[in-house]
Every structure is written in C-alpha cells, then in structure tokens.
Amino acid sequence: MDGVAFASPAFVAAAQPPALPQAALRGAVLLETPGAAAPSAPASSAASTVSGLAAVAVGTAAMARAGARRAKKGKRVVSMKEGENWCRGLDDLKERTVDYYKAGARFAKWRTTVRVRDHSSIAVAEAAHGLARYASICQSSGLVPIIEPEILLDGEHDIDECLEAFEETWAAVFKACADFGVCLEAVYLKPSMVTPGAQSGKTADPKTVAEYTLGALKRVVPPAVPGIFFLSGGQSEIQATENLNAMNQSPNPWHVSFSYARALQNTTLKTWAGKDENIVAAQSKLFQRAGANSKAQKGEYDAATADEDATAAEGMYVKGYTY
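Using the working numbering, read the sequence shown as starting at 1 and increasing by one per residue.
None of these hints come from the bench; they were simulated from the model. Any given hint might turn out to be false.
Straight-line Cα separation of at most 25 angstroms, DSS-like style, residue types lysine-lysine; simulated pairs [as the list claims (entries may be wrong)]: (1) Lys81 / Lys319; (2) Lys218 / Lys94; (3) Lys175 / Lys81; (4) Lys207 / Lys295; (5) Lys207 / Lys94; (6) Lys218 / Lys175; (7) Lys295 / Lys270; (8) Lys218 / Lys207; (9) Lys207 / Lys81; (10) Lys270 / Lys319; (11) Lys319 / Lys202; (12) Lys270 / Lys218.
As the structure is a computational prediction, the values presented were derived from the model and not from experiment.
The task is simple: from the sequences and hints, build the whole structure.
Below is the structure:
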C-alpha cells in the first residue's frame with residue numbers, strides 16, 4: 001500500500017495507558033501488521049530509535065524503509081511575532097545524517113509550521129531557508145528529504161486565507177530549494193491540505209478541498225517532484241481519506257498519496273486500548289484504514305460501500321498540537 005506511515009510519540013502517549021511503552025505500539029501493532037507495509041511505504045520513527053537500529057530491524061522485516069523522523073532538534077522563538085519559532089539542528093545535521101545513513105535510514109523528515117493569520121515574512125523566509133538547507137544536506141548524505149512546511153489548521157481563517165498562506169510559503173520553499181541546489185527529482189513533499197481554520201465555524205467538502213489544494217500545488221510545485229504525501233493535520237480518518245480520494249479523480253503532475261499519523265492511528269489505538277489480547281483486532285483496523293487510503297490515492301475509495309467505524313468520523317484537531 002502506497003503511503004508514508006508515521007507513529008507520533010505524542011499522539012501514542014495520549015491514547016495509551018501511561019505505563020505502557022510507546023515502542024509496543026510502533027512494533028507490535030503498527031510495523032508488524034501483515035500486509036500494511038510495502039517496499040514503497042517508509043515507516044518513520046524518532047531519531048533516537050533509528051540510531052538504536054530498533055526501527056530498522058522491525059521495518060526491514062515488514063518490507064518498510066526506515067528513516068529519521070526528527071532531523072531537527074527542537075524549536076527556538078524567533079524575534080518576530082509572538083508564537084513564531086525557528087527550528088534548530090542545521091549546525092550538526094551533516095554529521096547526524098551520515099550517522100543515520102550508516103544506521104540504515106534512507107530518508108529523513110523536517111517539519112516547520114507557519115500560521116495563516118498574522119504571520120511575519122521573516123517566519124516564511126526562515127521556514128523556507130531551513131527546509132531547503134536541510135534538504136541539501138540530506139541529499140549530500142544519501143538520504144531522501146521529506147519537506148514539510150505545515151500551514152497550521154489553528155485559527156478562524158477561511159479557505160481563501162489558507163490558500164494565500166499556502167502559496168506564499170511553498171513558493172518561498174521552492175525558491176530556496178533552487179538557491180541551495182536541491183535535486184527536486186529526489187525529494188518528497190508533505191504538505192497540509194487547504195482548508196478553513198479549525199475555529200472558523202466553516203467547512204469545505206472534499207471536492208472544494210481538492211480544487212483549492214491541487215490548484216495551489218500546481219501553481220507552486222514543479223512537476224519534477226515525484227511525490228506529494230499529505231499530512232492529515234487533525235482531520236478525522238474519514239475526512240482525510242475522502243479529501244485524498246477527491247484529489248485523485250483525475251491525473252496529477254505528481255503521485256498524490258498520504259503520510260498520515262493520527263488519521264491512521266485513532267481507531268487502531270482505541271481498538272488496541274493497550275491490551276495484548278486486542279493486538280490482532282487493532283492490526284485489522286490499521287489494515288482497513290491503510291486499505292481505504294490506498295484506494296483513495298488511486299481515486300477508488302467509495303464511502304457508500306466502506307465499512308467505517310464510528311471512531312473514523314472523530315475529528316482529531318488539537319489546538320497548538322506539537323510532537
């Protein structure tokens with residue numbers, strides 16, 4: 001099944017009993033789900049796990065690729081506007097990416113965020129510079145960089161305001177990538193979708209989300225980029241699947257697929273509930289969700305015939321969500 005699966009430590013911790021190790025979910029429930037991973041479906045973990053080779057061993061057994069999810073090293077406040085940050089980690093990234101490759105990683109991911117309303121031009125420029133420099137360093141070490149500038153769902157903005165911030169940020173990112181000599185044929189993108197803000201009181205149907213999102217991407221993302229893998233950003237499992245499906249109703253310049261964390265894990269985690277006796281049932285739910293998204297990335301998901309759990313309709317937006 002195409003796609004990039006992420007097990008978010010913060011989300012896992014919030015959904016399981018405190019005494020239960022997070023590695024149990026990533027290993028027993030996620031990576032070991034029969035048939036859920038394919039050679040083209042990387043599985044990402046925290047850098048500490050990759051350096052310990054635990055994820056590499058499990059991922060290889062499941063025919064998945066291992067990668068370093070946290071190439072960055074936390075955030076620092078930028079002296080711009082309140083709440084804006086920049087990501088640390090570029091100073092020693094070359095040495096770390098060499099070590100990640102030796103440990104078995106073949107890709108990395110760097111996430112930075114830009115809010116829609118009241119963001120500064122410096123925040124956009126800093127996001128673009130950091131992502132482009134990270135991508136250049138990763139490629140020099142043999143890693144495929146996943147570039148993730150997330151336009152935050154937080155806010156009262158409408159879909160047109162989100163579109164404007166989306167295009168501004170992504171245009172800056174690709175200008176910076178050109179400046180740093182990033183090979184676009186050897187990167188993956190992980191964008192958010194263009195939607196109304198979580199506090200706006202407005203909604204958009206899958207057709208509208210697809211039109212806005214694909215329209216923006218076609219204006220700023222070169223066709224040399226091989227793949228775009230969307231984050232779910234707090235959408236429900238069903239919303240994330242239906243929006244992806246709508247974006248694949250006609251051919252695109254790039255492969256358009258999914259890189260969901262919460263929108264793959266919610267029903268699985270609630271089914272598992274931290275109990276060994278529920279692992280098989282939880283894996284079945286994960287396989288079902290991954291299968292729905294596998295169909296959606298081909299434009300073949302049919303909500304009318306899908307046997308969806310009630311939990312799949314639950315929104316998972318968390319204000320100020322971090323991991």
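For this session: Quickly compare the C-alpha distance for Lys218 and Lys207 to 25 angstroms and report which way the hint goes.
Result: holds, 16 angstroms
Problem set entry | Restraint status (C-alpha distance of Lys207 to Lys295 at most 25 angstroms) | Measuring from Cα to Cα gives roughly 17 angstroms; hence the hint holds.
Problem set entry | Proposed proximity, Lys81 with Lys175 (alpha carbon, max 25 angstroms) | Within the cut-off at roughly 23 angstroms; holds.
Problem set entry | Proposed proximity, Lys319 with Lys270 (alpha carbon, max 25 angstroms) | With Cα atoms ~21 angstroms apart, Lys270 and Lys319 stay inside 25 angstroms; holds.
Problem set entry | Hint consistency between Lys270 and Lys218 [alpha-carbon to alpha-carbon, up to 25 angstroms] | violated, 37 angstroms
For this session: Mind checking the alpha carbons of Lys81 and Lys319 for me, to see if they're no more than 25 angstroms apart?
Result: holds, 19 angstroms
Problem set entry | 25 angstroms limit on alpha-carbon distance, applied to hinted pair Lys218 and Lys175 | Holds, at about 15 angstroms.
Exercise. Straight-line Cα separation of Lys207 and Lys94 no greater than 25 angstroms?
Worked result: Judged against 25 angstroms, a Cα distance of about 42 angstroms means the pair is violated.
Exercise. If you draw a straight line from the CA of Lys218 to the CA of Lys94, is it 25 angstroms or shorter?
Worked result: violated, 32 angstroms
Problem set entry | Pairwise hint evaluation, Lys81 against Lys207, where the allowed Cα distance is 25 angstroms at most | violated, 35 angstroms
Exercise. Within 25 angstroms, alpha carbon to alpha carbon, are Lys295 and Lys270?
Worked result: Judged against 25 angstroms, a Cα distance of about 23 angstroms means the pair holds.
Problem set entry | Pair hint Lys319 and Lys202, alpha-carbon separation not exceeding 25 angstroms | holds, 16 angstroms
When each numbered hint is compared with the structure, violations occur for hints 2, 5, 9 and 12.
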